[in-house]
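Number of protein chains: 2
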Amino acid sequence: MCQLLALNCKTPTDATFSFTGFCQRGGRTDEHADGWGISFFEGKGLRHFVDHESAVNSPVAELIRRYPIKSKNIVAHVRKATQGEISLENAHPFVRELWGRNWVFAHNGDLKNYHPTLHGQFRPVGTTDSERAFCWLMQEIAKSHAGVPSVAELTLTLKDLIPQISHHGTFNFVLSNGDAMWAHCSTHLHYLVREYPFSNAKLMDDDLSVNFAELNNPEDRAAVIVTVPLTDNEHWRAFANNHLVTFIDGAAAIHHDLEAAHAKLSAQLPQDMRDAIALTQAQAVEALARYKRNTLAASGAAS
Amino acid sequence: MCQLLALNCKTPTDATFSFTGFCQRGGRTDEHADGWGISFFEGKGLRHFVDHESAVNSPVAELIRRYPIKSKNIVAHVRKATQGEISLENAHPFVRELWGRNWVFAHNGDLKNYHPTLHGQFRPVGTTDSERAFCWLMQEIAKSHAGVPSVAELTLTLKDLIPQISHHGTFNFVLSNGDAMWAHCSTHLHYLVREYPFSNAKLMDDDLSVNFAELNNPEDRAAVIVTVPLTDNEHWRAFANNHLVTFIDGAAAIHHDLEAAHAKLSAQLPQDMRDAIALTQAQAVEALARYKRNTLAASGAAS
Numbered sequence: 095m096c097q098l099l100a101l102n103c104k105t106p107t108d109a110t111f112s113f114t115g116f117c118q119r120g121g122r123t124d125e126h127a128d129g130w131g132i133s134f135f136e137g138k139g140l141r142h143f144v145d146h147e148s149a150v151n152s153p154v155a156e157l158i159r160r161y162p163i164k165s166k167n168i169v170a171h172v173r174k175a176t177q178g179e180i181s182l183e184n185a186h187p188f189v190r191e192l193w194g195r196n197w198v199f200a201h202n203g204d205l206k207n208y209h210p211t212l213h214g215q216f217r218p219v220g221t222t223d224s225e226r227a228f229c230w231l232m233q234e235i236a237k238s239h240a241g242v243p244s245v246a247e248l249t250l251t252l253k254d255l256i257p258q259i260s261h262h263g264t265f266n267f268v269l270s271n272g273d274a275m276w277a278h279c280s281t282h283l284h285y286l287v288r289e290y291p292f293s294n295a296k297l298m299d300d301d302l303s304v305n306f307a308e309l310n311n312p313e314d315r316a317a318v319i320v321t322v323p324l325t326d327n328e329h330w331r332a333f334a335n336n337h338l339v340t341f342i343d344g345a346a347a348i349h350h351d352l353e354a355a356h357a358k359l360s361a362q363l364p365q366d367m368r369d370a371i372a373l374t375q376a377q378a379v380e381a382l383a384r385y386k387r388n389t390l391a392a393s394g395a396a397s
Numbered sequence: 095m096c097q098l099l100a101l102n103c104k105t106p107t108d109a110t111f112s113f114t115g116f117c118q119r120g121g122r123t124d125e126h127a128d129g130w131g132i133s134f135f136e137g138k139g140l141r142h143f144v145d146h147e148s149a150v151n152s153p154v155a156e157l158i159r160r161y162p163i164k165s166k167n168i169v170a171h172v173r174k175a176t177q178g179e180i181s182l183e184n185a186h187p188f189v190r191e192l193w194g195r196n197w198v199f200a201h202n203g204d205l206k207n208y209h210p211t212l213h214g215q216f217r218p219v220g221t222t223d224s225e226r227a228f229c230w231l232m233q234e235i236a237k238s239h240a241g242v243p244s245v246a247e248l249t250l251t252l253k254d255l256i257p258q259i260s261h262h263g264t265f266n267f268v269l270s271n272g273d274a275m276w277a278h279c280s281t282h283l284h285y286l287v288r289e290y291p292f293s294n295a296k297l298m299d300d301d302l303s304v305n306f307a308e309l310n311n312p313e314d315r316a317a318v319i320v321t322v323p324l325t326d327n328e329h330w331r332a333f334a335n336n337h338l339v340t341f342i343d344g345a346a347a348i349h350h351d352l353e354a355a356h357a358k359l360s361a362q363l364p365q366d367m368r369d370a371i372a373l374t375q376a377q378a379v380e381a382l383a384r385y386k387r388n389t390l391a392a393s394g395a396a397s
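Just so you know, the protein sequences line up as chains A and B, in that order.
Count along the first sequence from 1, then add 94; that gives the number in the working numbering.
Count along the second sequence from 1, then add 94; that gives the number in the working numbering.
Treat each hint with caution, since some may be false.
Which copy is meant is left open, because identical chains are indistinguishable; a pair holds if it fits in one copy or across any two.
To be verified - Below, simulated DSS-like cross-link-like pairs (lysine-lysine); rule was C-alpha separation at most 25 Å, straight line:
hint, residue 1, residue 2
1, K296, K206
2, K174, K138
3, K237, K358
These aren't lab readings, by the way, just hints derived from the structure by calculation.
Note that this is a predicted model, so its numbers are computed, not measured.
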């Protein structure tokens with residue numbers, strides 16, 4: 095299992111506060127020490143940092159905590175290896191180009207026996223189930239549209255494609271092409287929208303507070319998507335399971351319930367596969383509960 | 095015009111010394127202040143850093159000068175914009191995936207009226223002639239081989255493809271897929287091989303010396319490819335014009351003279367286009383001569 099962090103913003107926003115808390119889960123407050131990565135869109139361009147070291151020890155992560163990079167779409171990931179060895183090519187986020195645009199993807203979960211037919215232009219460099227799923231998504235998106243589709247059209251395409259992957263296991267993911275952020279929840283994903291009037295926020299994983307009212311302008315707005323809430327004094331919303339949410343300009347703009355399509359395909363799986371997936375998901379629930387207990391305990395000790 | 099730096103090494107090698115001198119040309123000792131970038135292969139994985147700030151002022155470049163990243167294939171670039179605005183998506187090196195491998199490309203030069211037919215899986219994200227050339231190379235490489243070819247086979251393919259681009263103007267470039275480094279010289283490119291017994295080296299652009307004998311083992315070997323030599327006490331070799339050299343394991347392994355194919359295609363160009371290309375190349379020669387005079391003068395003053 096891994097953890098995800100993504101920001102979709104109305105105006106270019108720096109993620110140093112959220113990333114600082116998130117990094118602690120990459121080896122200090124949680125066990126996701128098998129690599130990390132973060133991608134920042136800047137117009138059509140991309141700054142992309144990956145490392146197979148733990149996020150708490152990486153000099154590159156330290157730079158990003160200190161150096162504010164402003165972006166409207168940011169995708170970050172800390173990794174606890176389940177499939178694929180610990181190596182740079184297995185670090186999320188993954189990037190591909192399609193139609194002259196960069197596409198960035200990060201995954202939290204575990205897909206069982208997932209070996210899609212990849213006959214086209216997107217092939218995995220590493221050995222993770224996550225990159226295979228991303229390559230298949232990109233291949234099918236490319237086949238579904240003759241040219242660059244709108245965000246609404248892409249959302250409809252993803253709505254059809256996601257259940258074909260998600261019934262293989264846990265498929266919490268974020269995807270961005272710089273225009274929008276798509277987030278899908280199989281089991282665990284939360285979000286909040288920081289907007290006017292802004293308030294204070296205090297990290298759960300680090301002794302750090304910030305008053306966003308002092309840093310932001312009234313027109314700023316940022317949606318923050320994360321596996322487990324980063325702060326203990328803000329209103330985080332849990333995604334419903336098997337829901338796809340499209341974030342545009344810092345707001346949750348389009349919601350799709352994929353439960354029925356997911357359940358239909360899940361029912362076709364053999365019983366032993368369904369049992370294996372359920373076991374993995376139960377282990378993930380337990381790991382997250384353990385992490386929350388530990389973090390809250392540590393947080394209490396420090397206050 | 096821009097400047098290129100690339101390393102192809104027998105064993106994983108850090109490039110902090112060469113990159114430190116090279117960075118000075120990104121705004122201090124020379125005028126290439128319109129962005130920079132560097133890519134490090136690590137196995138099949140890639141660390142890729144780009145910035146549209148000047149290399150001398152960029153916090154990310156500062157990190158890389160201090161933080162040794164060991165790699166067998168490194169590609170770096172400082173940019174002086176000729177075509178395409180100053181933006182992140184126009185910063186070299188460019189990266190694409192083909193056959194589950196990363197491919198990295200950086201270009202020094204200027205291609206006149208170069209708008210190749212890009213019908214396939216590689217499209218430029220930015221607006222430079224360089225990225226168009228890279229996309230066309232990748233498209234044609236993909237069409238030329240059913241699966242992953244050997245380094246020797248790829249070299250033969252490049253030998254056929256390069257003149258089809260180089261007759262449009264100046265096409266000094268480096269390309270790597272992590273297995274080898276291909277370097278092509280239209281007008282300006284130099285290389286040296288650092289190997290046992292290693293010696294001292296002193297940067298021309300910075301007050302920095304290093305004794306490679308103290309840092310390296312006898313089995314280490316690194317080929318350093320650069321637009322203008324980085325040091326004034328090592329034996330740099332100038333590439334012959336219109337030559338393609340394939341570097342493997344830190345040595346210049348395969349040489350191809352593309353002069354005849356290049357000249358044949360150049361002769362088919364209209365006279366005004368040939369004049370425009372010759373003018374651009376003369377301006378580049380003058381800019382490089384001016385840079386060498388200034389650097390040597392500054393170097394003399396500091397000693």
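Indices of hints not satisfied (ascending) = Violated hint: only 1; rest satisfied.
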